[in-house]
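Novice: Sequence:
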Amino acid sequence: MGTNLRPYPWQDPWVKMATHTLPIQVGWPWAAKPMGRIAGFINRCFVYSKSLKISKGIKIPSDCAGCDCEGDCANNKNCSCAQLNGSDLPYVSFKNIGRLVEPKAVVFECGANCSCNRNCVNRTSQQGLQHRLEVFKTASKGWGVRTWDTILPGAPICEYVGVLKRTEEVDGLLHNNYIFDIDCLQTMKGLDGREKRAGSDMNMPSLHAENDSEAPPAPEYCIDAGSVGSFARFINHSCNPNLFVQCVLTNHHDVKLAKVMLFAADTILPLQELCYDYGYVLNSVVSADGEIVKLPCCCGAPDCRKRLY
Numbered sequence: 001m002g003t004n005l006r007p008y009p010w011q012d013p014w015v016k017m018a019t020h021t022l023p024i025q026v027g028w029p030w031a032a033k034p035m036g037r038i039a040g041f042i043n044r045c046f047v048y049s050k051s052l053k054i055s056k057g058i059k060i061p062s063d064c065a066g067c068d069c070e071g072d073c074a075n076n077k078n079c080s081c082a083q084l085n086g087s088d089l090p091y092v093s094f095k096n097i098g099r100l101v102e103p104k105a106v107v108f109e110c111g112a113n114c115s116c117n118r119n120c121v122n123r124t125s126q127q128g129l130q131h132r133l134e135v136f137k138t139a140s141k142g143w144g145v146r147t148w149d150t151i152l153p154g155a156p157i158c159e160y161v162g163v164l165k166r167t168e169e170v171d172g173l174l175h176n177n178y179i180f181d182i183d184c185l186q187t188m189k190g191l192d193g194r195e196k197r198a199g200s201d202m203n204m205p206s207l208h209a210e211n212d213s214e215a216p217p218a219p220e221y222c223i224d225a226g227s228v229g230s231f232a233r234f235i236n237h238s239c240n241p242n243l244f245v246q247c248v249l250t251n252h253h254d255v256k257l258a259k260v261m262l263f264a265a266d267t268i269l270p271l272q273e274l275c276y277d278y279g280y281v282l283n284s285v286v287s288a289d290g291e292i293v294k295l296p297c298c299c300g301a302p303d304c305r306k307r308l309y
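Here the UniProt record's numbering is used: the first residue of the sequence shown is 1, the next is one more, and so on.
Incorrect hints may have been included.
As the list claims (entries may be wrong) - Below, in silico cross-link-like pairs of lysine-lysine (BS3-like), each with a Cα-Cα straight-line distance of 25 Å or less:
#1 Lys53 <-> Lys256
#2 Lys50 <-> Lys141
#3 Lys50 <-> Lys137
In short, the hints are calculated from the structure, not lab data.
From just these sequences and the hints, can you work out the full model?
Specialist: Right, dumping it as structure tokens:
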């Protein structure tokens, strides 16, 4: 692959600071590039954070009442959290890793007021990293993220974190490519439009809305990972992705403030790059002078749409 992969586990000082459940590796395709200089470069770009930061003036709802299950909710057919998900829990456990059975408009997980244990399968998105990942320099797309392990369909990858803001705060920031709209309500409305992608192991929501007759209303909140974020900000777009976006609720049930999670859509083999569909509508990005901004897509997929927006 052209990258010097260090024997695992290897940790650079920057990686130690950024450690999750498992350390995130940082690779560079040229042996002459010292790892310390790479770490310094990344540190100058943004502040690493494992959790979402909240902007002033945004109030997070109070914690909801929880289930009264003992142990793991998978053993309780009457679990109140299961009822919120349509009577069945959204996850199954495989080799101690929860896997999402199928994409949903929103997943209701057990939260702070639930009596089940911390290893309950319905706390899957709260368990931290479950796979060894590497931030690496791609040939044509800048930084990217790839896996060192085989990842099965439905397995959680990570939460997209940054600074939670109102979308009106970031309007007009054309050069910030790390803004992620929280649009679970639109996902709910589009449930019937989901499609199975050729070769995919899971049914997944279609994020591409090029043919929508009307543009959906702008979400009220977004996540800005431009200056604060995790390795998730380096995961690239693809028109033929192997990840999908899933809204998840844990402690509260306000879909406008849901967690944004990434899950595996396919079986992903070691050293494959992780990618998801950014979901831009073509011709939807407009400059301050009213001109449509166009950005070529460099994903290289056989069915590439040729433009990101």
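Novice: A separate judgement is required for each hint: does it hold in the structure or not?
Specialist: So, going through the hints one by one against the coordinates:
Note on Lys53 and Lys256: the hinted pairing holds, with a Cα-Cα distance of about 16 Å set against a maximum of 25 Å. The suggested pairing of Lys50 with Lys141 holds, with an alpha-carbon distance near 24 Å, which does not exceed 25 Å. At most 25 Å may separate the alpha-carbon atoms for a hinted pair to count; Lys50 and Lys137 meet this at roughly 21 Å.
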